[in-house]
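Engineer: Work out the full structure: start from the sequences and follow the hints.
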Amino acid sequence: MKTTYRRDLAFRPSHPIRRVPRVLCALMVAAAMMLGVSFMAQPVKASPETEAFIQKTIDDGYEILNSTTLSAADRSAQFRTFMMSLTDIRRIATFTLGPYVNRASEADVNDFVDAFTDYAVTVYEVRLGKYTGQTMRVVDSEDGRPDDSVVNAVVVNPANPNGTNIRAAFRVRNDAQGAPIITDMQVEGVWLAINQRADFTSFLQQNNGSVPALSASLRQQAQQLRAAN
Amino acid sequence: MHTKRNVGVILLAGLLLAGCATMGADGFAEDNNDPFEGANRVVFDVTLAVDRAVAKPVATAYRDVLPVEVRDMVRNFLNNLKSPVIFANDILQGEADRAGVTFVRAIVNTGIGLGGLFEVAEEWGYEGHSEDFGQTLAVWGVGEGPYLMIPLLGPSNPRDLVGRGIDSIFDPLSYVQWGDESYVPYVRAGVDIIDLRSRNIETLDDVERTSADFYGAARSLYRQSRENEINNGMAEIEELPDF
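Residue numbers (the working numbering), protein chains in the order written: chain A, 1 to 229; chain B, 1 to 243.
Each hint should be verified, as a subset may be incorrect.
To be verified - Listed below are several chain B residues computed to face chain A (Cβ distance under 8 Å; list not exhaustive): (1) 126; (2) 196; (3) 200; (4) 212; (5) 221; (6) 235.
In case anyone wonders, no lab produced these hints; they're calculated from the structure. C-beta: ideal position from N, C-alpha, C; glycine also.
Structural biologist: Here's what the structure looks like:
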């Protein structure tokens with residue numbers, strides 16, 4: 001399931017030999033050319049600033065979640081402020097509505113953004129809270145289109161440093177002012193906003209496209225999550 | 001003999017379904033690749049009911065009774081049994097490096113790891129990975145076909161269904177099943193399901209608790225996870241939606 005190997009690096013020359021027959025020589029040249037192509041096809045890394053932004057974000061987030069001096073209410077409030085400063089929550093919320101965003105009234109969309117904000121902050125707080133005492137370390141990154149990077153990280157458990165690490169990734173884009181923001185988070189291969197879009201559009205499909213019904217459902221879930229934790 | 005026939009039926013059903021795959025007209029079925037959503041939802045509900053009545057309670061008891069060290073040994077042993085299938089698919093995908101890792105892992109874990117009970121290879125830097133014929137077909141360019149909920153087995157698609165049948169050919173234990181009244185493959189499948197379920201109790205509870213539509217969320221989880229496995233864990237950034 002977990003891997004650090006890449007298909008394009010699968011072919012490598014092995015042992016050096018003293019006298020190289022012509023056929024082998026040709027093969028080695030071909031292999032070298034393939035390797036050259038492989039290296040050229042390597043994904044472009046994101047800038048060090050982008051990786052540093054994510055590592056700082058992770059550290060700041062865990063500092064809040066791991067705090068022993070904050071009350072539960074203060075921790076939640078700080079985490080909410082922290083998350084809101086990192087993301088464009090309206091951008092994510094409208095994405096999760098899929099095509100329904102164009103069919104709903106502006107008032108319904110605005111109400112949904114409020115409900116989604118409460119829901120998303122609560123879900124992230126509860127989920128990341130499960131990893132308190134652990135930490136997350138940036139391992140590498142990849143650049144896609146301009147203004148689009150994915151930074152990969154692993155959850156490290158200090159109590160079991162050699163254990164299997166949970167993989168995570170953060171999608172970083174720019175806001176209107178050009179500042180980096182996180183638009184999605186991936187855990188073990190699953191992007192959360194993409195999953196939410198599939199979940200919400202499926203709900204809407206089953207409920208006559210009623211965005212207010214979805215907002216009510218999200219508010220109820222956030223409430224239940226808070227009560228259970 | 002029954003297994004041969006079952007493999008044939010699965011292959012045929014998979015190919016037929018792949019052939020009949022049609023997308024819905026409203027665009028939503030196309031987004032979710034789920035033209036049989038009505039039937040799939042019924043199967044999902046039945047599978048969920050069976051899970052709540054049987055699989056989850058048994059998995060919970062299994063987790064409560066056996067210490068984690070023993071459960072890890074069970075998981076290591078089951079993973080090691082999958083080595084021939086993973087190795088065959090590594091080769092079929094032209095992944096020489098990964099096939100080498102799988103081979104070394106099988107030798108090390110079977111020998112030094114006492115028949116696969118202990119995961120030694122990972123500590124030596126040979127990290128495990130999964131491969132199956134469904135992934136191999138994807139690497140060869142075969143499309144997934146429509147999303148399917150298979151009774152009691154869960155989410156799938158024609159490509160993975162065919163892959164499941166072919167994988168049984170690569171699996172030495174399948175041939176034990178073709179002897180007279182062997183129960184070994186059934187026991188292995190049962191323990192595999194229970195152990196896997198025991199490791200995902202909270203995760204699945206969490207997905208259900210935080211979903212507006214559990215069926216839709218589960219479908220997306222499956223499709224994204226499979227895509228990630230096919231890409232060997234690498235994010236395909238160009239394929240991400242632009243938002």
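Engineer: Hints first: check each against the structure and report whether it holds.
Structural biologist: Hints, verified against the model:
Taking 8 Å as the C-beta contact cut-off toward chain A, the hint placing residue 126/B at the interface is violated, the least distance being around 11 Å. Checking residue 196/B against chain A: minimum C-beta separation of about 12 Å lies over 8 Å; hint violated. Given the 8 Å rule on beta carbons, the hint for residue 200/B is violated: about 11 Å separates it from the nearest Cβ of chain A. The beta carbon of residue 212/B is positioned within 8 Å of a beta carbon in chain A (closest approach about 4 Å), and the interface hint is therefore held.
Residue-level restraint check for residue 221/B holds (minimum Cβ-Cβ distance to chain A is 6 Å; threshold 8 Å). With 8 Å as the threshold, the beta carbon of residue 235/B comes within range of chain A, its nearest partner Cβ sitting at about 5 Å, so the hint holds.
Violated hints, listed in ascending order, are 1, 2, 3; each of the other numbered hints is respected by the structure.
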